[in-house]
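This is what each chain is made of:
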Amino acid sequence: MATLSLSGIRKKFGAVEVLKNIDIELEEGGFLVLLGPSGCGKSTLLSIIAGLEPASGGDILIGGRKVNDVHPKDRNIAMVFQSYALYPTMPVRRNIGFGLEMRKVQKPERDEAVDRAADLLQVTHLLDRKPAQLSGGQRQRVAMGRAIVRDPDLFLFDEPLSNLDAKLRVEMRTEIKRLHNRLHTSIVYVTHDQVEAMTLGTKVAVMKEGVIQQLADPQTIYERPANTFVAGFIGSPAMNFLDGQLDVESGKPYLRYGNSAAESLALPDLEQDVSRWFGKHVLAGIRPESMHFGSEGGATLSGIVDVVEPTGPDTHVVVKLGEQPLTARLGPRARPKRGDRITLSVDTAAVSLFDPLTGLRL
Amino acid sequence: MRGESQTLSSPFSPPSGWRRLNPAWFLGELSETRFWMYLLLVPSLVLIVGVVLYPTLYGVELSFQTMRLNRPANNGFAGWTQYARMWGDPVFWLSLRNTALWVTATTIIEFCLGLVAALALNRDLPGTKILSVLILVPYFLPNVVAGNIWALLLDSRLGVINDILVHLHILDGYKAWFADPNTAMGAAILVEAWHGFPFFALLLLAGVKGIPADLYKAATIDGAGRISQLRLITLPMLRTIIAAAVILRVIGLVNSPDLLLILTQGGPGRATEVLSLYAFQTAYKDFNFGYAGALSVVMFILLMIFAWGYVRLSKVNED
Amino acid sequence: MAGTRYRGDLAINVLTYVVLIGLAIFCVGPVLWTLLTSFKVPSDIITANIVYLPTQFTLQNYVDLWSQSNYPTLIINSFIVTTLTVVICLFTGTIAAYAFSRFNFAGRTQLMLGYLVVRMFPAVLMIIPLFILLRNVGLLDNRLGLAIAYTSFLLPLFVWMLKGFFDAAPKELESAARIDGSTRLGAMFRIVIPIARNGLVATCVFVAIAAWNEYLFALMLTTSEGSRTWPVGLQLMVGEFNLPWGMLAAGGMISIAPVVVLFAIVQRWMVAGITAGAVKG
Chain A
510 MATLSLSGIR
520 KKFGAVEVLK
530 NIDIELEEGG
540 FLVLLGPSGC
550 GKSTLLSIIA
560 GLEPASGGDI
570 LIGGRKVNDV
580 HPKDRNIAMV
590 FQSYALYPTM
600 PVRRNIGFGL
610 EMRKVQKPER
620 DEAVDRAADL
630 LQVTHLLDRK
640 PAQLSGGQRQ
650 RVAMGRAIVR
660 DPDLFLFDEP
670 LSNLDAKLRV
680 EMRTEIKRLH
690 NRLHTSIVYV
700 THDQVEAMTL
710 GTKVAVMKEG
720 VIQQLADPQT
730 IYERPANTFV
740 AGFIGSPAMN
750 FLDGQLDVES
760 GKPYLRYGNS
770 AAESLALPDL
780 EQDVSRWFGK
790 HVLAGIRPES
800 MHFGSEGGAT
810 LSGIVDVVEP
820 TGPDTHVVVK
830 LGEQPLTARL
840 GPRARPKRGD
850 RITLSVDTAA
860 VSLFDPLTGL
870 RL
Chain B
1215 MRGESQTLSS
1225 PFSPPSGWRR
1235 LNPAWFLGEL
1245 SETRFWMYLL
1255 LVPSLVLIVG
1265 VVLYPTLYGV
1275 ELSFQTMRLN
1285 RPANNGFAGW
1295 TQYARMWGDP
1305 VFWLSLRNTA
1315 LWVTATTIIE
1325 FCLGLVAALA
1335 LNRDLPGTKI
1345 LSVLILVPYF
1355 LPNVVAGNIW
1365 ALLLDSRLGV
1375 INDILVHLHI
1385 LDGYKAWFAD
1395 PNTAMGAAIL
1405 VEAWHGFPFF
1415 ALLLLAGVKG
1425 IPADLYKAAT
1435 IDGAGRISQL
1445 RLITLPMLRT
1455 IIAAAVILRV
1465 IGLVNSPDLL
1475 LILTQGGPGR
1485 ATEVLSLYAF
1495 QTAYKDFNFG
1505 YAGALSVVMF
1515 ILLMIFAWGY
1525 VRLSKVNED
Chain C
23 MAGTRYRGDL
33 AINVLTYVVL
43 IGLAIFCVGP
53 VLWTLLTSFK
63 VPSDIITANI
73 VYLPTQFTLQ
83 NYVDLWSQSN
93 YPTLIINSFI
103 VTTLTVVICL
113 FTGTIAAYAF
123 SRFNFAGRTQ
133 LMLGYLVVRM
143 FPAVLMIIPL
153 FILLRNVGLL
163 DNRLGLAIAY
173 TSFLLPLFVW
183 MLKGFFDAAP
193 KELESAARID
203 GSTRLGAMFR
213 IVIPIARNGL
223 VATCVFVAIA
233 AWNEYLFALM
243 LTTSEGSRTW
253 PVGLQLMVGE
263 FNLPWGMLAA
273 GGMISIAPVV
283 VLFAIVQRWM
293 VAGITAGAVK
303 G
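Chains as they are written, first to last, in my numbering: chain A, 510 to 871; chain B, 1215 to 1533; chain C, 23 to 303.
No wet-lab data here; the hints were simulated from the structure.
C-beta atoms are modelled at their ideal positions from N, C-alpha and C, and glycine is treated no differently.
Please note: incorrect hints may appear among the correct ones.
Claimed, not checked - Computed list of chain C residues with no C-beta within reach of chain B, every gap over 12 Å:
1. Val63
2. Phe79
3. Val85
4. Ala190
5. Lys193
6. Asn220
7. Val223
8. Ser246
As the list claims (entries may be wrong) - Okay, derived cross-link-like pairs now, BS3-like style, lysine-lysine, Cα gap no bigger than 25 Å in a straight line:
9. Lys639/A - Lys1529/B
10. Lys639/A - Lys1423/B
11. Lys521/A - Lys717/A
12. Lys1423/B - Lys1529/B
13. Lys575/A - Lys529/A
14. Lys582/A - Lys613/A
Please work from the sequences and hints to get the whole structure.
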C-alpha cells in the first residue's frame, strides 16, 4: 500500500494556477524528492500534503486514507522546516516533546520518547538548552528530533538544509540518509539543490511552473531526462545542448552541427530510436562529464578552447564549436591553452536527443 | 579625506578672499573638525539642561523648602518638613491608593483591548487598513476634547450612553457617573483606557508581526489549537514588548493628570484624586510650591522604583 | 497566524470582523456623536429624550463660538506656540539626532538613555520650577516661553524618533559625497536630510500634534488671553462660563480638524517611528 497518493492535485491562488494536475504515488519506505527552481510549486505541494493549505482539486491519501479535509494534526505526519521553527521560549526537551504534549501523552511516556529521539540524533546533551543557545546544525537535529518522536507515517522536509553552510550541509545530508535507512519511514523532501535530490531520493519529481516534468528514480532522470528542462537542471556543470541536423550515413545516425563536413558527430551507440527524425533539426544533449580528451572512438568533436577553469579535481574547459560553446569536464591534468584547437571524444551512449521546438526527449 | 576641493574650485567653496566671511563655508570647515559631533549636540543639550534638568533639580530643592506664593513671609529652607507633612497627610495616602488602582486597572484593560485589537488586525483581512486608522483615533485626540466627549456621553441628563443602557434594560435610570463616588473612578478608567489602548495595539501589532509564521505552522502540525498557540507561542515571544509598553504607559499614566483634571478634578470628594493630580492642585490652586514639589519628588521616586523593579522582574522571568 | 482553512476559519474570520468593527465603533463613535452634537440646535441637545440625529442641521454653534468668544485668538495662539515648538525642535533636534545616528562617541549610549529618561520626568515636577524660572526671565504667560517649556518633553521625543529615521538612511551615500569633495555639513544637508525627509516630516507632525493638544503646561504657564492656547481656553469656558454643549462640541471639532488632517497624511510613517523606537527601546 502506498504511503502517499496524490491524484489530480490542483491549486489556485486567486486567478493564478500554481499546481496543475499533480499525480504521485510514494511506496512505503520511499524517499520522494520534489525538485525544482523557486516558484515551481514544490513548497505549496508540501503544504497541501501537510494540510496547511487546502487543495483546489484532487485527492490526497496518506496510508490509504483520504485526508483531504483532515486537520494536519490528525494526518499522522511530521514536518521539518527550512527555518527549523523551534519554539524559542521552550527548552529543547519540550520542543521535541511538544507534539506528544499536545496529544495528552503522559510525562513519563513522553520523556522516554524524547530521550530515544534525542539519542538517535545525538542531542541528548542539549535537552535543557534553549534554541537560541544552539548552533545551526544542532537546531537542525532538534527539529528532526521533534519530527521523529511521534513515529509518524510520513516525514515532510521543506528545504531543511538551505540555511546551513556548505560543509554542514554535506554532513547533515548524510545524517538524513542514515536516518532514513534506519527508520524506513516514507519521506517527502523539497529542495532546489539537485545534488541533494540525487543522493537522497529513491524517486525524484522534477517540477516547473506547477507541472511535474519527470517523475522517476535519480538514475533515470540523470541518464534519460524527459525534456531539456530536466536535462539542464540536473548535473553540474549543466548539460550542453548542441544544435544540429540529424543525418544518416550507412544506416548510422550522425549529427551535423556546422557547415563543413568536419563539423559532425557520429552517434553509433544512441539508445533512442530516432529513425523518424532523420533530416530534421534536433538538440543533442551532451553532458560535460561524458567527453574526454583525445580522439579514440569514432565520435569526436573538435573546436577552439575559449576558457579554462581548473577546479582542483577537474578542469572545466569551454570549447567553441563554430559559434556554439560547449563545456567539457576533463581530468585535473588537462591543461589546454586558450586558443588551441582541441579534440574531444564523446561517450555517445550517454547522449540524449531532444526536439528543439518542444524540448521533449525524442 | 576631503578630495582635492581645496585647490580646485568646486561648487562648495566661495571665491577666495571672501572665504572667511561666508558662514556656510565656515560651518563647512567646522564640520570637518573633531569637535563637530559635539557641536551638533550642544544646542539641544543646552535646551535640555536649561528646560529639564535645571528645573527638575530646582524642583527637588523646592521640596526642601517652604514656598507659598501667596504667603511669602514664611518662605525659606525647611529641611524635611514637607516630607514629614506628607507622611501624616491622609490625602496623600488616599491619592497613592487611587493612583495604584487607577494605573493598574487602566493598564490591564488597555493591554487586553490592545492585544485583542492587535491579534484581529494581524489577520490582515480586507479592510484592515481603514479599521486600524479608526482604532488609532482615540490616542491622538487631545485630552481636553476626549474628556469633554465622554463628559457629554456619560452626562447624568444628556448622556447618550445612559440612554442606550436604559433601552437595553441594563440600567433603570440615568446614572450620574462622575458624581457618584462609587462609579467615578470606574468611569474615569474607562475613558483613560479608551484613550490609551491604541498605544498597546500599535506596539503589540508590531511585535506579533515579528513572530515567524513557521512557528504557527509547526504548532498546528504538533496539534496545538489556537488558544494554546496564543498562550505558548505568541505571548511568550511578546514578553519584551509587553514590558516596554507597560512601563511606558504606567509612566505616562502616573505623570499626567490631564484627563482626570478635565473629567473630575479629583472628585467627587477625592474619589479620583491621584497623586499627580494632588500635586498639581497643590501648586495651581493652593500655590503651595514647596509641598507640591515634595509630592512630585516622591511620585518620581516611586515611579523609578517601579520601572526598575518591573524590568528586573521580567528579566528574571525570562530565564 | 498561518492556520488551516477548514470550517473553523470562517468562524474566526467572522469573529475578527466583529471584534474590529466593534472596536472601531467604540473608538470613533464618541467622536461622531460629538460631531453630530455640534450640528444640533440647543433644543435637540438639551431635551428629556435624547435626540440621535439632528432634527435641524445648523452651523450656529460654530458661528457663535467663533464670533462670541475669543476662540479665534486661542486658535491663533496655539498655532503660534506649535510652530515655535516645531521650529526649535527642528533646529536643535535634527542635528542632535544626526549626531546620535552617525557618530559613535564616548558616552553616546548614556546620553541617549539620558534623553529617554528625561521623558519620564513627571510634568508636575517640572511645572513649578518652570513657572518660577519663566517668571524670572519674563517669559511667563508668553507664547515663546510656552514653546520653550514644551521642548522640555518634546525635544527628547523628537531626537529619539528622528534618530530612528536617520538610522534607516544608508551611510554609503554620505561617504560617496565626501569622497566627491563635500564637507560633513554638506553631506548632512544635501544627502541625508532629503532621504529622511518623510521621517522628518512625520516626526515634526508628531511633535506638532503633541504641542497643539497639550493642556497641563499651558494651564500652568499662561494666565491671560494674550497667550492662552485653545485647550485651556475651551476648558475654561466650560468651567467658568458653562459653555453650552453645542458650542463645546463645535470648539472641539474645530480644534481637532488640523490634527485629523495632519494625522491622515503622515500616519503610516508616524506609526513606524513610534513602534520602531519602542520596540528597540
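(request) Please write out, lowest number first, the hints stated earlier that are contradicted by the structure. (result) Failing hints: none at all.
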